[in-house]
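Protein chains: 2
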Amino acid sequence: MGDNRPIGVFDSGVGGLTVAGEIIKALPKEKLIYFGDTARVPYGSKSTETVNKFACEIAEFLRGFDVKAIVIACNTVSSNSYNVLSEKFDIPFIEVVSPGVNACLAATKNKKVGVIGTPATIASGAYEKKLKAADGEVEVYSKACPLFVPLVEDCLTEGDITALTVEMYLKELKELGIDSLILGCTHYPIMKESIGRFMGEGVNIVNPASLTARTLKKYLEDKSMTGDLEEDAYPEFYVSDLNREKFGEICRLAMGEVYEAKKISLENI
Amino acid sequence: MGDNRPIGVFDSGVGGLTVAGEIIKALPKEKLIYFGDTARVPYGSKSTETVNKFACEIAEFLRGFDVKAIVIACNTVSSNSYNVLSEKFDIPFIEVVSPGVNACLAATKNKKVGVIGTPATIASGAYEKKLKAADGEVEVYSKACPLFVPLVEDCLTEGDITALTVEMYLKELKELGIDSLILGCTHYPIMKESIGRFMGEGVNIVNPASLTARTLKKYLEDKSMTGDLEEDAYPEFYVSDLNREKFGEICRLAMGEVYEAKKISLENI
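Line by line, the protein sequences give chains B and V. With our numbering applied, the first sequence corresponds to residues 236 to 504, in that order. With our numbering applied, the second sequence corresponds to residues 236 to 504, in that order.
Careful: at least some of the hints might be erroneous.
Copies of the same chain are indistinguishable here, so a pair counts whether it falls within one copy or spans any two.
[What the hints assert, rightly or not] DSS-like, lysine-lysine: derived pairs with alpha carbons at most 25 Å apart:
1. LYS288 to LYS497
2. LYS288 to LYS498
3. LYS481 to LYS378
4. LYS344 to LYS406
5. LYS481 to LYS406
6. LYS498 to LYS303
7. LYS264 to LYS458
Everything labelled a hint here was simulated from the structure, so no lab data went into it. Note that the structure is a prediction, hence the values are computed from the model and not measured.
Build out the structure end to end from the sequences listed, making use of the hints.
Now the structure itself:
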């Protein structure tokens, strides 16, 4: 009999739905519990101390479901809070930074790579440190793109404003001749087309969401913790603030499917 | 002797600094205590219930300073929570919607007016209802502009991206022939030039920040509650999350002067 405890997945908001979608595809016999902190999104512009505090509150909430593992589907939290969470909770955490780093190093040929993310993720230097620790020869160019999340949230994934904003942020990385670009924010895969079009065909766009799902799958198999629920065990979605229409729209953009979410307050747990 | 208790001013973040700046100018003998909920900004995309909860927590914090009045320097909170706050607290509240409405009605000649703001402010219909209640003949055209706040926060108050975004949101209002436009979000005065340039000289741009300061002044005078502190009583600024550099930059854009802020947690009061 399998380990049918659920898998927890959380993000600062709805961007992590790109990760949840990949997990549902890769592990259809697992039950997924998603939490998006939509009342306090975005985390990207907040201090490490505040991000740590919020992350611990969410892990506490997910622990209440007796989860067997928690996926940190948020680059800001992965970059800032992985160690704090792992020390505080007796639950395995899977973060999104390492899978992206490994895939990027496997893909690059000229050893010039780019990382884009929120100001907090870029300021943390998490991607850069891990890339350099794994390969001292790699050159890493990082760029914060604070307008990408608001563009996605306004469903502006194409068009002139998006194209100009992509150009403003990525022009320098393109001129530097990078051959791989890590999408270091879970919202960014939703505008992957616009980013890829600007960067050109020679540049690998590395999407940590699918790689994180693969890492989780391997972890559960290695530890004999896989579940064997019926296919399509219905996932549950919780948010700290709910705009039904918007949640549905981002669900569709991020996962190709629309789910319902329930609103809960972290302070009542 | 004057009533030298301080005046509380709060906003979801740093946008309310435009209002604080106008109050400091209009009432130099008053002490101002500002709170910006930067850990949970933006409120514009959150539900009324959540906005009410946050607003009550902040009013509780300001009450701790024995404030004589509280200015709600946030259109989202003014639109959603004024009644809740006034019922719950025995403190006079001054909100930013009514001053903008009155100035707009005084300015319009063709009785076609526009209102722009965050999705929550526009969805609340607060400006529209007050405008129509005061003058049944006025035609009101409203438009949510969710990208304006991120643009200001990224200091993009000018340039192609800003011009295109202004055009995208305001084109319809311009074509409809409005002659007055209320900036229904405290961040928007910071990009007033770009908005005014697109709308053209025939359109009055109504900035509720300065009008709110005037309303507060009149209220204190009417109730004999004015202070007589020495000129330039140094204001105090509190935020729930602090990025010193960004706070300074927005201070400069919004108030023409740079102040220091202290970080506090609302949960510790």
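Hints and how they fare:
For a Cα distance limit of 25 Å, the shortest separation of LYS288 from LYS497 qualifies both inside one copy, at 22 Å, and across copies, at 18 Å. Taking the shortest alpha-carbon separations for LYS288 and LYS498, both the intra-copy value of 20 Å and the inter-copy value of 15 Å come in at or below 25 Å. When the C-alpha separation of LYS481 and LYS378 is checked against a cutoff of 25 Å, the pair qualifies only between copies, where the shortest distance is 17 Å, while the shortest distance within a copy is 28 Å. Proximity of LYS344 and LYS406 under a CA criterion of 25 Å is satisfied intra-copy only: 20 Å inside one chain copy versus 47 Å between copies.
Only between protomers do LYS481 and LYS406 lie at most 25 Å apart by alpha-carbon distance; the minimum there is 24 Å, versus 31 Å within a single protomer. With identical chains, the CA atoms of LYS498 and LYS303 are at most 25 Å apart within one copy only, with a shortest distance of 23 Å there and 36 Å across copies. Taking the shortest Cα distances, LYS264 and LYS458 sit within 25 Å of each other inside one copy (16 Å), while across copies they are farther apart (68 Å).
Comparing the model with each numbered hint stated earlier shows that all of them hold.
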